[in-house]
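Trainee: So the chains spell out like this:
6 protein chains.
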Amino acid sequence: MKILAFGEVMLRYTVPEHMLLEQSDTVLMSTVGTGVNLLGSLSHLGYETGMITQVPDNSLGKKAVADLRKLGIDDSLVGYTNGYLGSFFVELGHGSRPQRVTYQDRLSSSFCITGPDEYDFNSALEGVDYVHICGIALSLTKETRSAALELAKVAHKKGVKVCFDFNYRMGLNENNSHQMMKELYQEMLEYVDIAFGSKRDLTDLLDYAEIKESDLYAKFSADYDIEYFAGSNRKSDEHKRYFQGFIAHNGQLYKSKLREVKVLDRIGSGDAFASGVITGLIENWKYEDTLRFAVANSVLTQESLNDTPLFDKEDIFDYLACDGKNELIR
Amino acid sequence: MKILAFGEVMLRYTVPEHMLLEQSDTVLMSTVGTGVNLLGSLSHLGYETGMITQVPDNSLGKKAVADLRKLGIDDSLVGYTNGYLGSFFVELGHGSRPQRVTYQDRLSSSFCITGPDEYDFNSALEGVDYVHICGIALSLTKETRSAALELAKVAHKKGVKVCFDFNYRMGLNENNSHQMMKELYQEMLEYVDIAFGSKRDLTDLLDYAEIKESDLYAKFSADYDIEYFAGSNRKSDEHKRYFQGFIAHNGQLYKSKLREVKVLDRIGSGDAFASGVITGLIENWKYEDTLRFAVANSVLTQESLNDTPLFDKEDIFDYLACDGKNELIR
Amino acid sequence: MKILAFGEVMLRYTVPEHMLLEQSDTVLMSTVGTGVNLLGSLSHLGYETGMITQVPDNSLGKKAVADLRKLGIDDSLVGYTNGYLGSFFVELGHGSRPQRVTYQDRLSSSFCITGPDEYDFNSALEGVDYVHICGIALSLTKETRSAALELAKVAHKKGVKVCFDFNYRMGLNENNSHQMMKELYQEMLEYVDIAFGSKRDLTDLLDYAEIKESDLYAKFSADYDIEYFAGSNRKSDEHKRYFQGFIAHNGQLYKSKLREVKVLDRIGSGDAFASGVITGLIENWKYEDTLRFAVANSVLTQESLNDTPLFDKEDIFDYLACDGKNELIR
Amino acid sequence: MKILAFGEVMLRYTVPEHMLLEQSDTVLMSTVGTGVNLLGSLSHLGYETGMITQVPDNSLGKKAVADLRKLGIDDSLVGYTNGYLGSFFVELGHGSRPQRVTYQDRLSSSFCITGPDEYDFNSALEGVDYVHICGIALSLTKETRSAALELAKVAHKKGVKVCFDFNYRMGLNENNSHQMMKELYQEMLEYVDIAFGSKRDLTDLLDYAEIKESDLYAKFSADYDIEYFAGSNRKSDEHKRYFQGFIAHNGQLYKSKLREVKVLDRIGSGDAFASGVITGLIENWKYEDTLRFAVANSVLTQESLNDTPLFDKEDIFDYLACDGKNELIR
Amino acid sequence: MKILAFGEVMLRYTVPEHMLLEQSDTVLMSTVGTGVNLLGSLSHLGYETGMITQVPDNSLGKKAVADLRKLGIDDSLVGYTNGYLGSFFVELGHGSRPQRVTYQDRLSSSFCITGPDEYDFNSALEGVDYVHICGIALSLTKETRSAALELAKVAHKKGVKVCFDFNYRMGLNENNSHQMMKELYQEMLEYVDIAFGSKRDLTDLLDYAEIKESDLYAKFSADYDIEYFAGSNRKSDEHKRYFQGFIAHNGQLYKSKLREVKVLDRIGSGDAFASGVITGLIENWKYEDTLRFAVANSVLTQESLNDTPLFDKEDIFDYLACDGKNELIR
Amino acid sequence: MKILAFGEVMLRYTVPEHMLLEQSDTVLMSTVGTGVNLLGSLSHLGYETGMITQVPDNSLGKKAVADLRKLGIDDSLVGYTNGYLGSFFVELGHGSRPQRVTYQDRLSSSFCITGPDEYDFNSALEGVDYVHICGIALSLTKETRSAALELAKVAHKKGVKVCFDFNYRMGLNENNSHQMMKELYQEMLEYVDIAFGSKRDLTDLLDYAEIKESDLYAKFSADYDIEYFAGSNRKSDEHKRYFQGFIAHNGQLYKSKLREVKVLDRIGSGDAFASGVITGLIENWKYEDTLRFAVANSVLTQESLNDTPLFDKEDIFDYLACDGKNELIR
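Residue numbers (UniProt numbering), protein chains in the order written: chain A, 1 to 330; chain B, 1 to 330; chain C, 1 to 330; chain D, 1 to 330; chain E, 1 to 330; chain F, 1 to 330.
Any given hint could turn out to be false.
Quick list of simulated restraints, FRET-style, between CB atoms [said to hold, decoys possible]:
| id | chain 1 | residue 1 | chain 2 | residue 2 | range |
| --- | --- | --- | --- | --- | --- |
| 1 | F | Leu258 | E | Asp57 | 55 to 61 Å |
| 2 | E | Asn250 | A | Glu118 | 42 to 48 Å |
| 3 | B | Gly79 | D | Glu260 | 38 to 44 Å |
| 4 | C | Arg200 | E | Asp57 | 23 to 29 Å |
| 5 | D | Tyr80 | B | Lys255 | 56 to 62 Å |
In case anyone wonders, no lab produced these hints; they're calculated from the structure. Ideal Cβ placement from N, Cα and C applies to all residues, glycine included.
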């Protein structure tokens, strides 16, 4: 079983000890990104993975690629080129104080300046079962848009399952018209087998009417011939946070229970859920089991520092077996 | 709008990773103090601020002053002299384990050995709207007592609004008689426009009778011609902490709702509340809005490391808009 | 009042910032072990303590012994020999994510390769009131088994009170038969005055029938002439943890109330409870008071980093006086 | 005496413990840049300074500006706008292993996207004695080029002394023609009073012939009506490094002695030299004394971590008094 | 070009800030070992590498393997089994104060308890050009001895070039007779093509007479049909250290010049030299060039923290081009 | 062999990574002082030691005493009282950049406010062979002066050897007249057997004429009946530092060779030398051997971080055996 992902490799700087940026001159670095998080998780869950991306040809790019390998992600499809690494800062929250994320420039990153001609998608996809494309590529640059669409097209043609995560972010689309973005997403969805997203993505981006959730997902799946539509959402009341996931398939909507989360670092919660869902699909688990597994992977990740889930199947099954109540493994 | 504060600049050593002093040979340093916290906050809230104080003329004093500037506090009224910097150690608590504070000597600090003659209060107060005086100055030394009273007198005469924080601490007054301290506070209050304190301060220090809270504050305000009397208090049940603030003005008592706080570091909670109140007064907000704002500033500060609030108005309005339930800003 | 302990000194590596081993190349080291934790606590509670053990004769062994002294434990009975230091890694948990412990080899440690002939128990026990033996010695090696039994025998003969902690761990006994271990424990119990353990230890290891708890403990105490049998247990519901202790004496069973614990690091909870119980026995406190004290010592320890309790009597009495609700001592 | 600087504020990430990027996930952050280093130094040397620049309007930009204030640099001319902060990584060298610098994107920085219309140079220069312009602005973007030239023009007109540092870097001019850059520098030099650069800058960039050094500098100064031309250079033999400075004025060439430097971090050596030279000019010192002072400031800075010199006049005079041989000040 | 190595993966703990173990409770972890260092270097030099070894099946073993991947070493031949990870502590030296290394137990490591039957050497060696065997395997356990010899035999038979590093250490052979060790090395050398060692190894372990160095190496190479015999040595005078390498081939002895080294951390100097030599052999460089390259790789590594060389060919060629005198690459 | 020391326990804050105070918000803490350094060293050299001093009765004082025990110093003569802990900051130097020390207040320390009546010197000195008194006590307060003199007197009377270190510091005596200090030292010297000091101490403090060094020391020793007068001095040329020691006894002057030192941290060099000399006296070594040993102890300490020497006899003999040229002990 081999899974590739296409997306940007990003440098994350985390301020330690729950401090604010203004309070600390030390930061912890990690190499993350939607694709990185997803593959890092799938690699820990036992599958062969590889990243299709571009990094700068300098000691920072090499560090980032070393980190990919450390996560268990094959680096043979990573290109070294001009440009930079996108990066962002994370100030962890505490109690009701919110976690804060500040982006540095990503449009001049090696990934963002590389168009489809620099990749050989056809040979990259040989022997591959799933390819994951992060929707952010559609928001970034002309180059990433064409590359993402080209990859989806080639994969679709070769019969490689295409996973696509909407990942639509307002902040990244201030200069892109609603119409343009909608059309790009629609074009992409023609090639997609498994989509990750939310109700908001369908109503706000694709202009679906606000109908009953199960009907909405069924209609969307039918419109674009999507096999699985899955996603997660978060609820909050004062000082408590909850997490829940769903899978829509074949007209049915499966929902997990709400699970309380003591969030340490919420970034990557969706990627952890997605890798859990893909695992369930690979293993042909029942949807209920897949949801429990995917939610557990996400909860464990949110109760850990950093984006990338590092849990293997045994970790998650042990966790589910005691319903998350065992505080010590020794 | 320009606000000055008179008080001691202190060095704080925080033991990292929630450890006890005995467990760690590394500490994090920060520059704090009632005035520093208040002005650091007001500077982040958009006002011009400046500190009237004294530090040692060595690399430690210079570091402390560099920290003041970093907080946005003007350092042109800081004197460099003999003496030392007062300091204290903080061991953070966890759950029901209490936070612990250990003081080193402050009576030999540059601030404590400097009397009114070393300051030029008259020119310092030119163009100033508010001056804040920390009541601890009344407990420390002969020099700080006279300097604080002299400053209050000059400010009062010049029509600069005088804010005064009772900040009465038993531990600092073991060698001072109740009568002496009461008289000093009474003398000070003659010049005060805005007082920060608690019910305890009125009954235990100023010997008011224990009457209904609103009547007590009204009587006290009338007695000393105090325009605003404000303060905060904390409540605890097992493993939960709450915070609440009040403003007494013109015979009325306004109280905020109790707000749960997931305390990371409780020091500075009162200073954060006070800077919120002063902001409301400057901006002429309704007292309810001022209290909500001041409590939010204090809650965010208690859910952060270190004493000094670093939040700007936008941070606090965003926080209030989602009632503190938004865990991530990206 | 002088208390000795016999057991292994272990090196603990804690991953900082709540990270997983895979996420960090920095670890915090500490010197721990059942005997170390117990004596470190008793030394902070005001008693003279000393450790009977062996460490390697190199800079690591010397560091460990320096740490013992730092904890207030006399090192004059520590031998320097061949072998190594046993060690383990701790990854702290968060919320429902479990704490994780990974052991390195301990069977080749200096302690594990040293038999009774290398110790002079007789003179070591001169003037000693209590000696504590950790049951793990019975699981480790031939040498530690004979040494532990020999020490218990000599102490019993000299009238030194023998405390024994079952500390039975499946993971350490995969190659030892149930029968062998049962007999070793039975032999040991002949010399024991005060035993620490759980219901499970009696039913699963010593093959007692599952009868009413108070009857079970009474029967066990009678069978082996045990003066006190004490222990603690933990309960969990989703995201909440509780701690409770008991003392069985003279046919009576005393139980503390369940106390909620915001666990920061649960290792050492039993050792903290045991040192509290021993303190109560030394001081002749009422059993209810002893339990409250011992539970408080354990809760404070679980709400701190690292195994070894560092609280003195004043810390614990202050804590009990405000029922753990005072967040700040200044 | 008031000195402004125009240039980019950059974020520097230093890998700790002399490690390579690939070896560490922790970095130390500092706020640097040619203008920042120069003003930080001048502020420690006792002068009033202020930075004219742009930073992003987010928590990273605010941190950078807090750092400017900490260095003693007035931030009232700093604009908050779109864009990002330029950044670079430093891996310190050791022995013959070279220090390594890796840049992230700076062309999309707030500074680089801001043209002259966003600044009010005329009022910024009121009451200013010196303004310093970093030549890198000529290499970066259309916006920074016009802003730098416009500022120089306005300053020249107002009689503010213009200091200009060539700072010409190949790496930043791969896409700029030699002719274009030469003309830009020539245009700038029309307004310059004090220029910092090297022989290479004159021969390679401005196409001067390779004549005797003193004649070359005299000719260059005459051509552009430069009052002072100053610079420094480094020499190396195996495992030893040396530093030397010169000032050319009025046809004369003054050179300091070669001074051995035990480099800890060589970045900022030129900025430290320049701030020393400017100090000498302000104070009207003899050129020999100015050179000794400027070289000492640079040597101390190279023997310290980070770019920005933090030494005051007393530090440097003490250092010169004992010829750098006093290892301890207590 | 594919190179495998067989040897132990070890955990290294480095005390930071040049401190002694007794002075610090923080250590930096890295994953090292002769094979790891050699392959990490060769992977950075551009070759495909893979490690044949065993690690414990727990989160520590997984971390170590993640580190291997980070270094660019393929982990598909790493087995997860019982046992532990060997480890050692490093206290860096300074000036004349020596670097100090303290070992924890390695005989119970996963590597040491695994014999040849647990490996499938035959298929592991498919498509492999070089295999490297660390001589320490001959000193450790019965299992590692048979595994190392079996691997050498299989490789020799398949025509894979066998590299062997004597790495003979007194400290590891206190319980092994000279005769036994000599015979084991002799048996191994029958299969070896390229040997790394020193004059001492030949005279003291293999009992060669002390003749002229070139004659000695020629005789040794002839006796065992060794194609290349290479090694390095260190010289010291007060406060200066030098490094030199040699290659003996076909009766000729090639020696590099003595190069001064400012040692930051000397461990791994021989492995860095060996990977440089292997590179020269792969690339068919002249022996003088190979020696310059190998010595440069070793000097750069000794002037870096940690054992494993992380330099690529460009780094080394740049270094050689300026003879190590360029302090900054930007 | 039992040695006591009387003196102040001080808290040292060291800025990490060779940074300046203004550059770092993290500091490393250690517990030091002349007596602490001397006894810490003697304890590592194999002797029984104990500190007579006073610390504050709070968690900082307890931490300091835990550190004493860690160093191997008996704490049973340490009193817990009012007052504080003296402290100082250390910024390490690099190359020609000097190390910098900044003191916080020590006159209000627990040690400084405690007079002779609070100590029971008579019973403290039972069974003691040597007592060491730091001359700084004569400069500090009335209380420390009388305590030091009283202790010397009692010891002298009981036949305990009195070691006295001049340790005269200008900075501590700005308010004390030369005459007063001279008389205090003269009074003390009546009781002294072994004095540590320098030529300067004799000429500048005691007003001896500047005669030939050997004659001067002989005269001084005769005047006060001093058995041994020993000391060390430092020489510097550009970028090199040297260390040398002497012992004057019975009219003879013994001098060690100058030894180059690569200083990492020079504080404590004299204490390390003194503990080496005392060791030689205890062991009755030849003076040449004693000097070599004492100089080696001091060089190793200066090439380490922190004041307190942590070397045992084996470390020093090994170091001397290879003349400090062995870079690695493994």
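Trainee: Decide, hint by hint, whether the structure agrees.
Mentor: Against the structure, the hints come out as follows:
Our hint of 55 to 61 Å for Leu258 (chain F) and Asp57 (chain E) holds, since their Cβ atoms are close to 58 Å apart. Separated by about 47 Å at the C-beta atoms, Asn250 (chain E) and Glu118 (chain A) satisfy the suggested range of 42 to 48 Å. Checking the proposed 38 to 44 Å range against Gly79 (chain B) and Glu260 (chain D) shows it holds: the Cβ atoms sit about 40 Å from each other. Arg200 (chain C) and Asp57 (chain E) have their C-beta atoms about 27 Å apart, which keeps the hinted 23 to 29 Å range intact.
A C-beta distance of roughly 37 Å is found between Tyr80 (chain D) and Lys255 (chain B), which places it outside the suggested range of 56 to 62 Å.
Checked against the numbered hints given earlier, the structure breaks only hint 5 and satisfies all the rest.
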